[in-house]
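A.B. asks: Listed below, chain by chain, are the residues.
There are 4 protein chains.
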Amino acid sequence: MITEPLFTLTAGPVQPSAETVRALATPIYDQFDPYFLEVYETTTEKLRVAMGVTDPPLIMHGEAVLGLEAAAASLIASDDVVLNLASGIYGKGYGYWAARYCRELLEIEVPYNQVIDPASVEAMFQERPDIAVVAVVHSETPSGTLNPVAEIAAICAQHGALLIVDAVSSFGAVEVDFEGWPADLVVVGPQKALGGPPGLSLMYLSDKAWAKIEANPAAPTASMLSISDWRDAHRADVKFPFTPSVTEIYALTSTVEQYLREGPEAAWARHAKVAAATRAGILGLGLELWPVSEEICSPALTALKLPAGATGGAVRAHCREHFGVMISGGYGELTESLLRIGHMGPTAHPIYAAVSIAAVGQTLSDLGVTVQVGAGVEAAMASASAVSS
Amino acid sequence: MITEPLFTLTAGPVQPSAETVRALATPIYDQFDPYFLEVYETTTEKLRVAMGVTDPPLIMHGEAVLGLEAAAASLIASDDVVLNLASGIYGKGYGYWAARYCRELLEIEVPYNQVIDPASVEAMFQERPDIAVVAVVHSETPSGTLNPVAEIAAICAQHGALLIVDAVSSFGAVEVDFEGWPADLVVVGPQKALGGPPGLSLMYLSDKAWAKIEANPAAPTASMLSISDWRDAHRADVKFPFTPSVTEIYALTSTVEQYLREGPEAAWARHAKVAAATRAGILGLGLELWPVSEEICSPALTALKLPAGATGGAVRAHCREHFGVMISGGYGELTESLLRIGHMGPTAHPIYAAVSIAAVGQTLSDLGVTVQVGAGVEAAMASASAVSS
Amino acid sequence: MITEPLFTLTAGPVQPSAETVRALATPIYDQFDPYFLEVYETTTEKLRVAMGVTDPPLIMHGEAVLGLEAAAASLIASDDVVLNLASGIYGKGYGYWAARYCRELLEIEVPYNQVIDPASVEAMFQERPDIAVVAVVHSETPSGTLNPVAEIAAICAQHGALLIVDAVSSFGAVEVDFEGWPADLVVVGPQKALGGPPGLSLMYLSDKAWAKIEANPAAPTASMLSISDWRDAHRADVKFPFTPSVTEIYALTSTVEQYLREGPEAAWARHAKVAAATRAGILGLGLELWPVSEEICSPALTALKLPAGATGGAVRAHCREHFGVMISGGYGELTESLLRIGHMGPTAHPIYAAVSIAAVGQTLSDLGVTVQVGAGVEAAMASASAVSS
Amino acid sequence: MITEPLFTLTAGPVQPSAETVRALATPIYDQFDPYFLEVYETTTEKLRVAMGVTDPPLIMHGEAVLGLEAAAASLIASDDVVLNLASGIYGKGYGYWAARYCRELLEIEVPYNQVIDPASVEAMFQERPDIAVVAVVHSETPSGTLNPVAEIAAICAQHGALLIVDAVSSFGAVEVDFEGWPADLVVVGPQKALGGPPGLSLMYLSDKAWAKIEANPAAPTASMLSISDWRDAHRADVKFPFTPSVTEIYALTSTVEQYLREGPEAAWARHAKVAAATRAGILGLGLELWPVSEEICSPALTALKLPAGATGGAVRAHCREHFGVMISGGYGELTESLLRIGHMGPTAHPIYAAVSIAAVGQTLSDLGVTVQVGAGVEAAMASASAVSS
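Chains as they are written, first to last, in the working numbering: chain A, 3 to 391; chain B, 3 to 391; chain C, 3 to 391; chain D, 3 to 391.
A hint or two may mislead.
Because identical chains share one entry, a pair is satisfied inside a single copy or across any pair of copies.
Okay, derived cross-link-like pairs now, DSBU-like style, lysine-lysine, Cα gap no bigger than 35 Å in a straight line [as the list claims (entries may be wrong)]:
no. : residue 1 : residue 2
1   : Lys48     : Lys307
2   : Lys307    : Lys210
3   : Lys307    : Lys241
4   : Lys48     : Lys94
5   : Lys94     : Lys307
6   : Lys48     : Lys275
7   : Lys275    : Lys241
8   : Lys275    : Lys94
9   : Lys48     : Lys210
10  : Lys210    : Lys241
11  : Lys275    : Lys307
Bear in mind the hints are in silico, worked out from the structure with no lab data behind them.
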């Protein structure tokens with residue numbers, strides 16, 4: 003029997019707070035029980051406040067990929083021209099979904115250690131003013147980068163295109179300005195910076211998005227992929243299309259409460275601090291970040307290049323087995339060449355940078371790679387010093 | 003703030019055992035953590051044993067409707083003739099999904115307080131030997147009835163048609179003979195007789211079903227609706243298509259362990275006993291069962307006709323508010339004319355018949371309906387007497 | 003392996019609410035952690051409000067017998083004359099502790115199905131004006147009776163004697179008027195009408211009690227039995243004499259919060275209602291209550307006489323094994339001749355009277371005793387009818 | 003509201019494993035419920051195996067100080083000469099209890115950064131062959147030292163004296179050879195190297211100890227302080243003297259299972275490894291250990307001298323507030339001059355040395371003390387290197 007890990011510092015799901023674990027231990031109640039109906043309605047309201055938006059957000063009952071696939075299926079009509087922005091594996095992947103539903107897929111792709119240049123988006127609009135929908139990933143989890151969505155959103159708005167944003171791993175770690183950017187359909191994951199279980203998709207839709215979906219005859223209804231089915235499901239007097247994931251809702255309400263209690267700005271600052279500490283630690287070890295510059299690094303997780311002499315699988319296995327610390331490898335074609343250290347939600351505290359840097363550093367050392375373990379941890383902690391901050 | 007219910011005796015989700023609640027309180031770990039990979043693989047193996055089947059079953063990460071919709075989308079090809087068997091609202095509803103994917107939909111429909119007559123299925127095959135797929139609901143949850151799937155399955159097998167079975171609320175409460183019937187694609191829900199949370203679909207597929215799906219060019223892939231994507235996902239050396247619902251898996255492994263520890267036959271006997279006690283109690287109260295005969299009643303839940311002078315909503319609200327007991331109303335068009343009392347999983351013990359009959363009986367009495375509360379509970383308990391059994 | 007019970011309807015510990023179980027799942031933190039210090043201080047404050055007293059109560063870290071023994075050891079000085087009031091096994095037992103510490107022990111003893119007559123206490127004071135301390139049990143758990151402590155307390159106050167009250171199973175089920183009676187040293191148990199775990203003693207002391215303890219050279223200090231050691235321990239700036247029971251405190255704070263959220267009067271009314279329903283049910287079954295009259299019955303639990311043909315052990319075992327319902331037998335010499343049904347805290351709802359009466363009734367019937375199961379439950383439910391109340 | 007700590011690396015209670023937290027979430031059941039009786043009996047048996055002793059150990063239902071006080075009260079007779087061995091605050095304190103019960107108290111006291119020299123014990127026996135009982139602390143928690151109990155025990159045995167051992171914080175972290183030393187009355191705490199809650203005393207008694215207690219007319223009975231009352235209480239057919247602490251027993255059974263699953267030798271090795279890493283880390287920071295040599299350091303926790311320029315309170319507060327890490331200060335007169343870092347039970351893994359050294363190091367740096375944070379963590383991790391071990 004394999005033992006439970008001591009630390010989950012991965013790209014997500016991330017380890018929950020003690021308070022979230024307690025919330026998970028609530029008995030399962032019937033979906034129509036007045037207690038559960040109230041929990042569901044107040045959870046939606048808390049989430050609305052947490053998102054800083056006007057109308058109630060919508061919860062879909064499957065992992066964030068459900069929300070992302072449903073967004074493509076619902077929002078993209080068969081005669082749409084879609085611009086997909088690919089600065090990483092998730093962004094690239096979204097194009098495959100978009101292509102299923104649209105007339106024509108355009109794409110701007112950059113190397114996966116870079117982010118999208120807003121100017122390139124503007125240029126594309128100049129060339130193709132018929133773009134109806136743009137899709138972008140905010141925090142590109144496989145690369146540890148953060149796209150400049152605010153700038154991109156402004157360009158889309160100017161050209162009258164709707165914007166789909168994958169904010170799965172960014173929400174909670176950094177500002178997601180749903181209405182201000184503006185974005186039209188944003189998918190958030192509860193298992194990243196909120197620190198909950200992964201079985202839900204949290205959805206923001208603008209009025210324009212709702213109008214476009216309603217006008218789209220191919221938008222799914224009476225289906226797992228339907229967004230429309232759930233539009234009013236948060237209201238206690240409206241029946242759920244199907245049984246919601248009761249336990250996931252208990253956890254969600256707890257994690258959003260914790261987020262609001264702390265305050266979004268404080269949470270973002272905490273993520274920024276641990277991200278800076280982690281980057282400092284990696285550089286201190288003598289290793290390199292995967293993104294081309296610190297400016298484009300995501301506050302949710304940090305990707306680093308594996309040095310010669312170590313493969314991702316060996317590093318992760320040793321780190322988990324000897325130090326109890328679970329980290330992530332690269333994703334897809336980057337599996338063996340990158341490591342990714344998550345610092346989201348309950349682990350977005352500087353002391354976890356000491357854990358990850360010490361564990362990764364000593365692992366590499368154990369595997370024969372020369373790194374400066376002490377210098378790494380010292381740099382991480384100095385970055386997080388209460389005095390300097 | 004609404005208080006938590008004392009008893010959840012509904013059509014499901016049902017109240018969990020204390021052991022299941024403890025399992026829910028496990029920290030969320032990364033999907034690739036070796037501990038979780040082992041949990042996932044052993045859960046699949048335990049589920050295989052619990053199902054009594056040869057090959058590992060498959061877990062889809064959304065409530066049972068996901069599995070049911072995915073079954074239609076994957077198994078039914080565009081030139082198939084499908085026979086849908088409708089003896090209730092769920093059975094009727096499946097026809098709508100089937101119709102999306104098939105060339106022609108045939109249907110046998112009976113009043114919703116009856117079950118399908120196997121002879122009618124045989125007759126339909128005589129008329130239409132081109133039927134490729136048949137769909138049936140085992141325990142028709144909205145009606146509290148149990149279709150004779152063994153007989154129907156034998157007919158389908160004889161005629162070379164594949165059989166889709168909705169065993170969402172029957173598995174665990176009564177024998178589901180996956181390979182023996184035989185069935186080809188069966189969907190089981192963890193939130194009914196297993197007593198877990200509702201966020202998963204548990205899937206059995208026969209070799210024929212797999213072959214048909216692989217031959218179906220329209221079967222979803224790279225989609226939430228894809229069954230194929232998850233075919234080998236239980237193997238620790240195969241990556242998940244997307245993040246599985248970690249907490250739901252913890253609960254599933256616990257509920258299946260509990261089921262195996264007790265033994266399937268003992269669990270079925272327990273459900274039969276509480277169902278008989280509940281029916282005796284309802285008749286003792288002076289009320290009528292909804293199904294036309296006791297023989298066709300489901301062991302998972304009991305549907306009764308509301309007497310004159312009481313509406314479903316008023317009864318349920320009073321029962322929940324004054325006695326803390328949550329029961330279900332009718333479903334769809336039967337919302338106000340039926341009540342449904344669940345006795346699944348952890349509540350499939352005769353003492354819960356005393357709870358439901360006492361609570362429903364006193365509620366009706368409080369609302370001005372003449373019922374024999376004492377006679378009802380006495381009949382329920384006598385039915386469950388240790389001496390008589 | 004023996005299965006977990008479905009219902010715990012005993013003389014206590016009683017089954018906890020779901021909310022209390024969640025509170026138990028809090029990680030153990032260091033006793034000096036600021037989080038725990040705050041929990042401890044606020045728990046004391048909430049308990050003070052729940053008790054309706056002026057000064058912070060005191061928590062001793064062992065089951066209620068610790069508080070009771072410590073009360074005798076601390077409050078009773080070597081030249082004291084003590085009057086012990088024995089209307090049951092617990093009251094009788096307290097005399098043995100009192101006798102260890104006092105110069106002379108007087109006792110008023112009544113049959114254990116009766117309660118103390120205040121006039122007999124007045125008469126004793128007339129005879130022995132030198133009585134310094136009186137001891138009485140409020141809810142005599144082994145007998146299911148409730149002593150008239152208000153009247154007794156007034157007499158003690160008039161004669162200048164201090165009053166020790168065992169309110170272990172009464173607090174939360176009925177008013178305990180600490181300062182109004184007045185009482186001087188009262189011990190409350192968290193595992194009865196509050197529905198928590200049993201590892202603490204909750205202590206109220208009047209100023210007179212503190213003064214007497216401080217003047218008592220034999221009062222324990224630097225000992226598990228010391229009350230004084232803990233006098234200021236609730237203050238975050240005062241060190242604990244030894245490590246407090248961290249988990250028990252988590253549960254206490256939760257149960258007291260639940261009690262205050264409901265409101266003491268509502269909780270007392272709920273206990274009165276379920277107690278009346280249970281008594282009605284027992285009489286309806288055709289059985290007899292153990293106390294000589296309903297007026298003296300405790301609202302926390304109900305004791306009944308076992309009919310001929312059944313022994314306590316057989317009834318309890320059958321009830322637990324066949325119906326999953328755990329009840330209590332008699333205590334001490336009453337082990338085989340009484341049954342006791344608890345209805346405290348989370349089980350102080352009328353529906354639990356249906357459970358206990360149905361389970362006990364059917365058990366007796368199974369064992370060959372003639373009882374009216376239906377009439378019993380009907381009477382219990384009618385007593386609890388929302389209409390009649 | 004103060005937030006929950008991220009890390010509890012104190013002298014105990016220590017942070018529990020996730021598995022222990024789950025066990026805490028078990029509903030409270032009645033003490034006489036067959037499920038609980040079985041849990042209690044099997045817990046005692048598991049503890050017997052974990053202790054490696056012949057007869058069932060005994061559980062007392064209060065924090066370890068209860069067991070220690072009860073040991074003095076029961077084992078020490080009024081005409082006994084007792085030798086108390088004081089190498090720290092706990093050892094010194096035990097003398098005060100012993101003095102209450104014995105005819106004459108002898109004491110060997112050494113500076114609290116040293117341990118007892120067995121030769122001094124032998125010398126004392128030469129001088130005073132009438133010593134009947136010797137008391138010693140194994141792991142002196144306030145000092146972080148480990149007394150050579152094996153050697154001391156052999157001397158006691160040779161001279162026919164009984165030996166009381168405080169093994170509260172040593173059991174589970176290092177071998178406690180109950181029968182082999184031999185010892186006569188040993189008290190173990192569940193909240194240290196087992197990682198449970200603190201509300202129990204786990205007691206080993208030799209046959210000689212039982213005989214001496216039975217012959218001692220002053221040994222407490224019918225009291226919280228009585229050991230005898232509980233002698234057979236683990237047997238399902240023997241009634242408990244009073245209600246045991248149900249929840250604490252659930253946690254105990256879980257922690258002992260975890261200990262046995264890992265294996266005692268593996269657990270001791272793990273504690274030795276993290277202790278060595280922590281000491282290396284402290285020296286690497288440029289700080290000094292409190293014990294005079296590494297050889298006498300306890301594997302359960304490490305005490306270090308505070309450097310000039312920092313007080314214990316300030317260091318602990320900063321470390322907790324800025325890094326979420328709770329550590330302990332010195333105890334009693336050493337409160338402000340020492341820090342103590344616990345590495346017991348679930349935190350006895352080398353990665354926690356990185357946490358404590360990084361947190362303490364950066365805290366000191368933030369407070370203006372010059373330390374080598376990087377060198378400290380590097381030394382700790384190098385000590386724990388998988389390669390070197």
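A.B. asks: Hint by hint, note whether the structure agrees.
C.D. replies: Here is what the structure says about each hint:
1. Taking identical chains as interchangeable, the C-alpha atoms of Lys48 and Lys307 are never at most 35 Å apart, the minima being 39 Å within one chain and 40 Å between chains.
2. Taking the shortest alpha-carbon separations for Lys307 and Lys210, neither the intra-copy value of 41 Å nor the inter-copy value of 46 Å comes in at or below 35 Å.
3. Taking the closest pair of Cα atoms, Lys307 and Lys241 come within 35 Å of each other only across two copies (22 Å); inside a single copy the shortest separation is 50 Å, beyond that limit.
4. In this assembly of identical chains, the alpha carbons of Lys48 and Lys94 lie at most 35 Å apart only when taken from the same copy (33 Å versus 38 Å across copies).
5. For a Cα distance limit of 35 Å, the shortest separation of Lys94 from Lys307 inside one copy, 21 Å, qualifies, whereas the shortest one across copies, 56 Å, does not.
6. Proximity of Lys48 and Lys275 under a CA criterion of 35 Å is satisfied intra-copy only: 26 Å inside one chain copy versus 37 Å between copies.
7. In this homomeric assembly, Lys275 and Lys241 come within 35 Å of each other (Cα to Cα) only across copies, at 32 Å, whereas the closest approach inside a single copy is 43 Å.
8. For a Cα distance limit of 35 Å, the shortest separation of Lys275 from Lys94 inside one copy, 29 Å, qualifies, whereas the shortest one across copies, 46 Å, does not.
9. Proximity of Lys48 and Lys210 under a CA criterion of 35 Å is satisfied intra-copy only: 23 Å inside one chain copy versus 48 Å between copies.
10. With identical chains, the CA atoms of Lys210 and Lys241 are at most 35 Å apart within one copy only, with a shortest distance of 25 Å there and 37 Å across copies.
11. Both within a single protomer and between protomers do Lys275 and Lys307 lie at most 35 Å apart by alpha-carbon distance, with minima of 21 Å and 31 Å respectively.
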